[in-house]
Amino acid sequence: MKKIKAGIIGAGFISAYHIDALRRIGFAEVEAITDANCEIAKAKADNYGISKCYREIDELIEDPQILVVHNCTPNHMHLSINEKIIKAGKHLFSEKPLAKSVTETAKILELLKHYPDTVAGVNFNYRMNPLVQDLKHKIAAGELGKIHLVHGSYLQDWLLFDTDYNWRLEPEFAGESRAVADIGSHWMDTAQTVMGSRIVEVCADTATALPVRKKPVKEIETFAVSKDAEYEEKAINTEDYAGVLVKFENGTPGVFYCSQVSAGRKCYLNIEVDGAKTSYYWNQETPDAMWKGNRDTNNEQVMRNPNLVASGVKQYTSLPAGHPEGWNDGFRNNIFAFYSFIADGKKPGKDACDFATCEDGHYIMRLTEAIIKSGKEQRWVRVEEV
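With the working numbering, the residue at position 103 of the sequence shown is 103, and numbering never jumps.
Take these hints with a grain of salt, some might be off.
[What the hints assert, rightly or not] Here are the computed distance ranges between Cβ atoms for each label pair: (1) A16 <-> Y231: 25 to 33 Å; (2) G89 <-> F173: 27 to 35 Å; (3) K113 <-> W291: 40 to 48 Å; (4) E56 <-> F173: 18 to 26 Å; (5) A43 <-> A141: 46 to 54 Å; (6) F13 <-> A209: 18 to 26 Å; (7) G145 <-> A36: 18 to 26 Å; (8) D162 <-> N298: 43 to 51 Å; (9) E29 <-> N298: 46 to 54 Å; (10) T286 <-> P171: 30 to 38 Å; (11) E300 <-> K350: 35 to 43 Å; (12) N237 <-> G142: 43 to 51 Å; (13) G142 <-> E62: 34 to 42 Å; (14) G264 <-> E62: 27 to 35 Å.
Honestly, the hints are just simulated from the structure, not real lab data.
Keep in mind that this is a model prediction, so the values were computed, not measured.
Cβ atoms here follow ideal geometry from the backbone N, Cα and C, with glycine treated the same way.
Make the full structure from the sequences, and use the hints.
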């Protein structure tokens with residue numbers, strides 16, 4: 001098989017994991033990289049042996065060798081760059097969010113109507129953990145019985161201190177929402193994936209724990225800790241926390257909460273689905289096993305086992321049981337699903353896919369804005385309102 005060549009726009013924190021995943025799937029390779037900071041892009045190109053390092057985004061997009069372009073830039077650049085990629089006839093793999101507002105994501109969907117053969121995906125990677133995929137199949141097969149409740153959380157502590165700072169705190173770069181858009185969106189995508197049903201209504205409470213933060217004079221990378229003594233005080237008006245009641249289209253109720261100020265929680269995404277027969281709980285910090293809750297027998301810990309997962313999951317797990325697969329493996333699976341769709345000649349809108357499409361990305365942004373609207377107005381909000 002001829003390798004599919006990719007280009008990476010944005011050489012920050014997340015780009016390294018795109019590069020790693022592309023190398024692991026075996027039938028793709030990174031042809032070029034670019035970044036607004038040429039020195040960072042050149043360093044990444046040298047570190048990973050990438051042959052081309054462009055100074056301008058347009059140069060990379062116009063490279064005739066490149067078939068797929070990954071957008072790894074900050075949120076405020078997603079609309080313009082994603083539009084350029086689509087108009088150039090390239091396949092698009094965008095970091096989430098697809099763009100920073102519903103108005104912007106709708107523009108991308110409208111543009112894609114004119115490019116029906118363009119494969120376009122969004123990097124909601126948690127849905128591609130093998131046990132998340134397996135839980136999806138278990139629910140669809142009726143193994144849990146009628147679903148009574150879905151609940152969980154996504155907690156982090158990387159913005160706990162007033163000296164913690166990142167571009168995500170500034171709405172002009174990140175958008176109107178922060179905790180919900182940045183991490184709550186992952187929980188919602190994971191929940192919708194396993195349920196096979198969309199969230200259609202929300203009721204939220206949001207809070208900003210630190211209304212003033214100290215912004216370092218020198219820019220720092222995501223999750224890095226600043227030791228810079230020089231800073232300026234900045235007013236913060238995006239949420240540190242959100243608690244959300246949800247209703248799924250199939251009638252199932254649920255609840256989740258997300259926070260970026262929960263000390264000790266690093267990447268604590270967890271979800272529990274409670275059915276009439278049994279319950280299943282999965283936590284991405286211990287991603288190689290699920291807890292199974294029983295009423296009349298002992299509870300169980302279910303280890304990932306490639307020999308026992310549903311047939312549709314086998315392509316997403318390879319290590320023998322007891323050899324843990326984790327975050328980077330789910331990330332790899334997402335890239336694998338996207339590139340396999342292209343390699344197999346499948347068509348958007350006609351063939352089913354496991355990765356998140358731009359339609360999914362748009363819907364998650366609608367949910368995000370519905371949650372912010374609900375928090376402000378203190379009432380239930382239907383997604384159709386935004």
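To see whether the hints hold, each was checked on the structure:
The hint said 25 to 33 Å for the Cβ distance between A16 and Y231, and at roughly 28 Å that hint holds. Our hint of 27 to 35 Å for G89 and F173 holds, since their Cβ atoms are close to 29 Å apart. At roughly 43 Å, the beta carbons of K113 and W291 sit within the given window of 40 to 48 Å. At about 21 Å, the CB distance of E56 to F173 agrees with the hint of 18 to 26 Å.
The beta-carbon spacing between A43 and A141, approximately 48 Å, falls within the hinted interval of 46 to 54 Å. Take F13 and A209: their Cβ atoms lie about 23 Å apart, and the range 18 to 26 Å holds. A hinted range of 18 to 26 Å is violated for the C-beta pair G145 and A36, which are about 52 Å apart. At roughly 46 Å, the beta carbons of D162 and N298 sit within the given window of 43 to 51 Å.
Range check, E29 to N298: Cβ separation about 49 Å, and the 46 to 54 Å hint holds. One distance hint, 30 to 38 Å for the beta-carbon pair T286 and P171, holds here, with the actual separation near 34 Å. At about 40 Å, the beta-carbon gap between E300 and K350 stays in the expected band of 35 to 43 Å. For N237 paired with G142, a C-beta distance near 45 Å keeps the hint of 43 to 51 Å intact.
Remark: the range hint 34 to 42 Å for G142 to E62 is contradicted by a beta-carbon distance near 50 Å. For G264 and E62, the hinted distance range of 27 to 35 Å is not satisfied, since their beta carbons lie about 47 Å from each other.
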